[in-house]
Amino acid sequence: MSQIADSQAHYRLTHLKALEAEAIHIMREVAAQFEKPALMFSGGKDSIVMVKLAEKAFRPAKFPFPLLHIDTGHNFPEALAFRDHLVDSIGERLIIHKVQDLIDKGMATEDPGPFPSRNRAQIPTLLDAIETYQFDALFGGARRDEEKARAKERIFSFRDDFGQWDPKNQRPELWNLYNGRSRMGENIRVFPISNWTEMDVWQYIMLEEIEIPDLYFSHEREVVERRGQLVPVGDAPFGPRDGEEVVKRTVRFRTVGDMSCTAATDSPAANLEEIVGEVAAARASERGARMDDKNSEAAMEDRKKEGYF
Amino acid sequence: MSTNTQPKSGTDFSTDPNTNMGMDFSTDAYLDMDLLRFLTCGSVDDGKSTLIGRLLYDSKSIFEDQLEAAETASLSRGDQRMDLALLTDGLRAEREQGITIDVAYRYFATPKRKFIIADCPGHVQYTRNMVTGASTANLALILIDARHGVIEQTRRHSFITSLLRIPHLVVCVNKMDLADWSQETYDKIREDFEEFAARFEITDITFIPMSALTGDNVVNRSENMDWYQGPSLLHHLENVHIAGDRDMIDPRFPVQWVVRPQGDEHHDYRGYGGQVASGVFQVGDEVVALPSGMESKIKSIDIGGDSQQFASPPQSVSIQLEDDIDISRGDMLCRPNNQPTSGQDIDAMVVWMTDTPMQVGKKYTIRHTSNEARCIVKNLNYRLDIETLHRVEEASDLKLNEIGRISIRTTKPLFYDPYRQCRVTGSFIIVDEQTNNTVGAAMIIGETN
Chain A
1 MSQIADSQAH YRLTHLKALE AEAIHIMREV AAQFEKPALM FSGGKDSIVM
51 VKLAEKAFRP AKFPFPLLHI DTGHNFPEAL AFRDHLVDSI GERLIIHKVQ
101 DLIDKGMATE DPGPFPSRNR AQIPTLLDAI ETYQFDALFG GARRDEEKAR
151 AKERIFSFRD DFGQWDPKNQ RPELWNLYNG RSRMGENIRV FPISNWTEMD
201 VWQYIMLEEI EIPDLYFSHE REVVERRGQL VPVGDAPFGP RDGEEVVKRT
251 VRFRTVGDMS CTAATDSPAA NLEEIVGEVA AARASERGAR MDDKNSEAAM
301 EDRKKEGYF
Chain B
1001 MSTNTQPKSG TDFSTDPNTN MGMDFSTDAY LDMDLLRFLT CGSVDDGKST
1051 LIGRLLYDSK SIFEDQLEAA ETASLSRGDQ RMDLALLTDG LRAEREQGIT
1101 IDVAYRYFAT PKRKFIIADC PGHVQYTRNM VTGASTANLA LILIDARHGV
1151 IEQTRRHSFI TSLLRIPHLV VCVNKMDLAD WSQETYDKIR EDFEEFAARF
1201 EITDITFIPM SALTGDNVVN RSENMDWYQG PSLLHHLENV HIAGDRDMID
1251 PRFPVQWVVR PQGDEHHDYR GYGGQVASGV FQVGDEVVAL PSGMESKIKS
1301 IDIGGDSQQF ASPPQSVSIQ LEDDIDISRG DMLCRPNNQP TSGQDIDAMV
1351 VWMTDTPMQV GKKYTIRHTS NEARCIVKNL NYRLDIETLH RVEEASDLKL
1401 NEIGRISIRT TKPLFYDPYR QCRVTGSFII VDEQTNNTVG AAMIIGETN
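Chains as they are written, first to last, in the working numbering: chain A, 1 to 309; chain B, 1001 to 1449.
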């Protein structure tokens, strides 16, 4: 082998390391270009990976931004416990903004119906958090492989004063040059793991030995079957509905959102290697377990235009 | 569509070449994959969506619920069969009008590589979108309809590929099923292409006759075209040599962020965060900081506090120096005996990306590596007609999607290399100071004469 080929092999970068490098670059760019960024932290695996990437970008210093949790009040208790544990272990600041507070103040309304999702009520809550803390940039863990509208969203995604996304009026994004210039009142959502797939996230968690909530691993749980999905049951308002039978199943969650809109999957996968095997063999997309996307073909696009992540 | 076999789960790695489509990932294999970013240029008419649909479908990157959603949408629109474009067209306006407006990014993987596709619309009014997708691509796929041969669009796409310096080009001569699988037709197209492409600097061109519809030469070698001895498209994508595309010779490190812990534990730490643009940096290397010209040695290289001995592109690392010299965002580290050009009068090719034309004499903000400066457009040397490639020297402005050579003067020196040498230090974007919009993409030629 020639010397040049030798050195190329020596300096070879795997795809995970290339994605990591891109994400670190994006995070530092935001830290440098904005006054008051925050990292949206849900307790889900994608936001946990973002925290890891922030450590890579800024350690041994502290993060130049706080974590922000939009608390719907519909969280899995396990996810909240994990959130607090993680924040404690990394020693960073966490801001919690509650949907319930906005509903109490009359600034957000609960969806009608007996079993409301709080997906929509998150939007005014998030916008209120931006207003309250004057955030000008928010990191989100969304990935382009999740959904069709996201496949076309920029890494730096601009929102107007109302938090709205205009898909036809996006800034061109070239090379690794990001234009973060904005006016007062405008803010951006930044997606450092845009180019990661679900598989990449799991592989990275395995490679970096990142701790994640137990919800992702196979466990016994009380669920009901609802519209063909296994829905977790818990304390009110997450109890079984009329005519539903509570059964114990061995399940895990591929995605962790609200208890009111996240379905479990039958799975014996109890460790990361098994999860990776399962993801490789999966026949349904991750967002298939999100009941809120099923409402209409353009459900996500519509929510994003209103200010959703 | 070929049948999509249920993959085995688990961690065994199959070496059977017939089952290598994105299925059997062993943990080791997955962690050892590299990344190829490629661009697809063409329109729906060329079968681009079908081709992408097939790559995604055969690599099991489309899930059942996504297929179902596309089927439901096709039926409700009254289509006879499922429209594959619905799998790839994301925005409602695009679905309603059956066109692609914006760059969409798609992902698939085989046990050898992970692929990021920048799926770009083909028509001339979307040149800026194609340039956007091309800026990060290592390889471009250009689709040609075998029945129509090399057309104006082919020339335009090839030109942009060469303008953006995409190192590898694959010319997909598609719809061979509608051209009787004719070698003569293929050879003619190949000759036509080579003739005009000789004017461009494209180093690596591969031609593949195929039918995305039937799958011939997409994943598997075609039986209908036994006269073709080359690889299938997927085989080529998996094996094209990309490691050599990175410049390992000319170290350039734009400083993006200074990592400075507050607190006693690390109070001596002062790391310069950035992404290696080109070349290799090693602990102990002598470096010079621009613009100050101060020299020092690399004391340590780390990622998030984990040390390593060297950094190569495109790694994002933090570099500490032996000496305490004043360095901030926008500065650049390089080697004392290998420095970029430093200057304020620069010539560049620019692609204009907004409705308001570029005006000579107007001031803009530019972003170049981690640096920001203001500039004035001193001169528009010529506009390039992208249909004919003729230079229009009497041009007075650049409109949306037009390309031209400009001379600018910046408010402070930039540390740059010609784009042909380094895509990172040789590119900048132009930002309108009123709208804050990104309005131009520029590739540096060199110092203004």
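The set of hints was computed from the structure by calculation and includes no laboratory data.
Warning: the hint list may mix true and false statements.
[What the hints assert, rightly or not] Not the full set, but computed from the structure, chain B residues with beta-carbon under 8 Å of chain A:
id	residue
1	Thr-1132
2	Thr-1136
3	Ile-1327
4	Ser-1328
5	Arg-1329
6	Met-1353
[Stated by the list, open to error] Here are the simulated lysine to aspartate or glutamate pairs, DMTMM-like style, with alpha carbons at most 20 Å apart:
id	chain 1	residue 1	chain 2	residue 2
7	B	Lys-1112	A	Asp-266
8	A	Lys-17	B	Asp-1245
9	B	Lys-1112	A	Asp-166
[Stated by the list, open to error] Computed footprint of chain A on chain B, listed as stretches where at least three residues anywhere in the stretch have a Cβ under 8 Å from a Cβ of chain A:
id	stretch
10	1195-1203
11	1428-1438
Yeah, the Cβ is synthetic: ideal placement off N, Cα and C, and Gly gets one too.
Hint-by-hint comparison with the structure:
1. Thr-1132: Constraint on Thr-1132 of chain B satisfied, holds at 5 Å.
2. Thr-1136: holds, 7 Å
3. Ile-1327: Hint on Ile-1327 of chain B: violated, closest Cβ of chain A at ~14 Å, above 8 Å.
4. Ser-1328: Violated, because the Cβ-Cβ distance from Ser-1328 of chain B to chain A comes to roughly 10 Å (cut-off 8 Å).
5. Arg-1329: holds, 6 Å
6. Met-1353: Hint holds; Met-1353 of chain B Cβ to chain A Cβ min 5 Å, cut 8 Å.
7. B:Lys-1112 with A:Asp-266: The hint is violated at about 30 Å.
8. A:Lys-17 with B:Asp-1245: holds, 17 Å
9. B:Lys-1112 with A:Asp-166: violated, 37 Å
10. 1195-1203: Since three or more residues must qualify, the claim that chain A covers the stretch 1195-1203 of chain B is violated, with 0 doing so at under 8 Å.
11. 1428-1438: holds (count 6)
Consistency with the previously given hints fails for numbers 3, 4, 7, 9, 10, ordered from lowest to highest.
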